[in-house]
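Chains A and B supply the protein sequences, listed in that same order. Residue numbers for the first sequence follow my numbering, beginning at 1 and rising by one. Residue numbers for the second sequence follow my numbering, beginning at 1 and rising by one.
Treat the hints as calculated values from the structure; they're not laboratory data. Mixed in with the good hints, there may be bad ones.
What the hints assert, rightly or not - Below 30 Å or equal to it, Euclidean Cα-Cα: the simulated DSBU-like pairs (lysine-lysine) are:
(1) B:Lys66 to A:Lys206
(2) A:Lys106 to A:Lys555
(3) A:Lys73 to B:Lys532
(4) A:Lys535 to B:Lys105
(5) B:Lys106 to A:Lys352
(6) A:Lys106 to A:Lys562
(7) A:Lys226 to A:Lys555
(8) B:Lys307 to A:Lys532
Computed from a prediction, not measured in an experiment: that's the story for all the values here.
There are 2 protein chains.
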Amino acid sequence: MKNMNFILYVAVLGATIAVCKTGNPCCSFPCQNGGVCLTQGYDNYICDCTGTEFDGHHCETPTFMKKIQLWLKPSSETLNGILTNYPWFWAVVNYFPSLSNFVMKKVITIRSAMVDSPPTYTSDHPYITWEAAANLSYFTRSLPPVPLDCPTPLGVWGKKMLPDAQVIVNKLLRREKFIPDPRGSNALFAFFAQHFTHQFFKTDFKRGPGFQWGGHGVDVSHIYGKDKGVENVLRSFRNGKLQVQEINGEDWPPFLEDANVPMTYPPSVPKQSQFALGHSSFGLLPGLFMYATIWAREHNRVCDVLKNEHPEWDDEQLFQTTKLIIIGETIKIVIEDYVQHLSNYNFQLTFKPELLFDTPHQYQNRIAVEFNHLYHWHPLMPESFNISGTVYTLKEFLFRPDIVVKHGMNNFVEGMNKQRAGRMSHHNHHLLTLNVAKETIEHGRQLRFQSLNQYRKRFGLPPIKSFLELTGDETLAKDLEELYGDIDGLEFYVGLLMEKLRPKSIFGSSIIEIGGPFSVKGLMSNPICSPKYWKPSTFGGETGFNIIKTASLKKLLCLNMKGECPSVSFRVPDFVEGDVEAEVRNCCQNDRSSNDSYNRKTDL
Amino acid sequence: MKNMNFILYVAVLGATIAVCKTGNPCCSFPCQNGGVCLTQGYDNYICDCTGTEFDGHHCETPTFMKKIQLWLKPSSETLNGILTNYPWFWAVVNYFPSLSNFVMKKVITIRSAMVDSPPTYTSDHPYITWEAAANLSYFTRSLPPVPLDCPTPLGVWGKKMLPDAQVIVNKLLRREKFIPDPRGSNALFAFFAQHFTHQFFKTDFKRGPGFQWGGHGVDVSHIYGKDKGVENVLRSFRNGKLQVQEINGEDWPPFLEDANVPMTYPPSVPKQSQFALGHSSFGLLPGLFMYATIWAREHNRVCDVLKNEHPEWDDEQLFQTTKLIIIGETIKIVIEDYVQHLSNYNFQLTFKPELLFDTPHQYQNRIAVEFNHLYHWHPLMPESFNISGTVYTLKEFLFRPDIVVKHGMNNFVEGMNKQRAGRMSHHNHHLLTLNVAKETIEHGRQLRFQSLNQYRKRFGLPPIKSFLELTGDETLAKDLEELYGDIDGLEFYVGLLMEKLRPKSIFGSSIIEIGGPFSVKGLMSNPICSPKYWKPSTFGGETGFNIIKTASLKKLLCLNMKGECPSVSFRVPDFVEGDVEAEVRNCCQNDRSSNDSYNRKTDL
């Protein structure tokens, strides 16, 4: 309740300030708990509390039922603590499907209820429009932009001018010494994140940072191409398969000169390093090329399985059905391997679409631009990569898909598996990724993002009261205090990067609690999860359905490499949680051979 | 149960035939009750009964719960009889909101559960694909196309060659004498249907009859244009309003030369008859131009109301919010005036989105090509129109929007209100619309539509056993028997037009029970009906919200005409149900002055 009073105090104070300045009275975001602020003339407003389960002028008073619910509900930190501790308790839950299903259903429904579906806002309108629902060119917004006529860029809080993005980058983001991820995440994890998410994070920079050119979800367009035109070029039109070529006894994607799809290689890249991939930017890093190749091989492997089951099927049916299986495998692996690793829960996450069939869950998704910003995880990038004894710096990795071919898939995967990823926090951006960070901050301003604290409230977290509470680090808190002046005036992306990590987690609470809903919603709202799709016949029968139901990172990699499969996981082998500070002090990785900045205009 | 045995017999027989001919064993559609047929090699199949509540080799055995449900469920004819009779009973239900809400919720959930959402099939794939879910260029399909390798065009039934479409048109569709609609529907109704539905029935003939260029629902693109480019040309950018011009003291849409949007006028149309409208084809008929004008006036009227409430709003917010209100008004009027008229229910339909908030209702829609075909209601078109004493034949109406301007809105509306529409059945196509009917039949074949009986089963109706049962007319039944040979070999659209009307209805049972679900689903899945949209603030506050909640056909017309409002309704004034045959015998309207066929390639 103390928090609530605090919020109210801030809100009323904000409203007062706003009125005094005769700005838009909604600039102080006076409506709490999801209430919508509606101006009434120039200096008045009302809060529309419909559907919020709160009443009162500012939607601040819970209904009786809501009061009980709030009273019973554990805090987000408590919940996370329960989920990441008590292994004996979770072993029991994981063992009994009825218990496990109950928890999993709760995880999904609570998370995805946080996301408005159909989507409500665009970056161009601080009010609901038909554009928000119908115009797929927009990224959606989970909070509307700060109105243009507000006293400060964040509404009524903070300074009139935000600090220079370059200063923030130099002072708070630049890596001095590589800080490893304290949970032992590896480069296999980092590249999986990058490869997976770029199927739906596709900013249309030509139109502006609020626009995108993708399909708003897990559409495997990073494997099959952005449209039917690209897909048709990548297909072999034989037995449902994608085109591949054999080099050194292994299957690889075709060269660009053999399959003309849009790819962005600099002219300096030789033709035998230019491969044709589903995503135009995936020639950028060998880690992306590795996953692109693995998925192409997996597609062709599944085609063989289906062809064996269905000799009567033509190329088209084999292709289309395999594509549906690949989508299913992707979601299964993302939930049960990737999100499992991210969350560090002792509760074992499961992919069971049928849990949602009796709920008002919406099988549609729209990518939010806040989710895109939040997913800028460039600190994960290490300084260098050791593949079979050869060390490549990050710079040496750029536009070198041929590195994977040269060392062979097994050796490359083994190298990525052993390579520790960086900690996702301040002072850990590689020099080559600093420009992306700067651009992200600038885009956040152009898009008039609300403050970190507004986003925390939107996603059920208490607002943070001080920079020290945010960072847990006095020096950092002092720097932020100087730059921003007011914790309520702290911008979204910078705030995310400055936050101290949650115990046992690779992120701070904001990234987890804001990113989680977008992630769960995006995965479980895929059409293949809906009742008419989620059945054996959709996937060619029980055999195909089982490929999805038993998919894992390990199988994905091991079934698509020759010879003995190296140890594969999203964590470096034999990892034991320890003293990260000591690790940093002793760490050998300080390769900063390059000072060239990474100037490509790209979303990567 | 007799029906079920019959179905099974047919299915097994079908399967046998199919196997004998070594065709695709799914050609006989052996899986019942929504089961999915999956080939297993060249001459075997299995039925996937997942989610159907039926078991057995052909999904023919209901589960225990389903058996009880089926036993309790009244037939579709019984239900329709209850809803269209017992006015005293329905007066009571209509009076008590709790009863009325209960019935309305049932009507919506039962109807919309019939429609797969997300959509499952395209016209190019007789199996589920990602294309069906993701490729918006396709119309969806509620039943997959007949596989290409089947013995007959409709699977295993009927003749190997379907009868010549021109023969069907000449023999069964051509109007000899105008047959009026037996329920008294008028031209105001016919043009409303045409105007409303062409916002979402937009066949992309260049790509083929299975493709479309629209937005898949009530997106008011027929008022504001197909995209932002057109919308921007039609907007005035002042106070949220659309461009209008004053002629004879009334507001009309701008001339095409003043607002350059894509319109399809033949070169013979003079410039002062070429108006710029939201839909490129709406210059075709004065009735469409009338509604286009009325909605433009309504938009500007609502802008004034909002501007009065919100002097602080800019043009953009006034425009966007008004557009949302116009969508809401459209749905309200369609449900409470238009569908109410169509259904002829004594139960009063109500537009209350909140009834669905606790259900698994999906707020997304995809237009099915079968819905498009079913909605080809050209028999509604009368022979001529009397406006203030001047009689125009249908031919004289073509590309003459200026007729509305000349007579004035009031006189034109009065004329349409008094003009009886035609009966939606056989032998009632105006000469000018025969080509559209022929094309529709041909497209149905190209799209490999399943038979009428397959569609009846898909939408919960018993299959029809004979041509006589279908038509209730011996001569017609004989003609059909000769043409098609087998009732199970009767194609979709022809079947719809041949069916006898339901008692008290303007259609046969197939159009009602197949069209109803598409209609209800399309209306109630609009984003504005979803919980985050359906609240006062979305529509500028209570005033705007109330414009939607109190909208009606009468208000729409009367608030946007000058002077005294004529009687307006979807039924001719003072209509009393009577002997239609006698009406036809005595009917004065037999104007067949023109023999020119209507050759324009259009969807209208």
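Are there hints from earlier that the structure breaks, and if so, what are their numbers? Numbers 1, 6, 8 - these are the hints that the structure violates, sorted from lowest upward.
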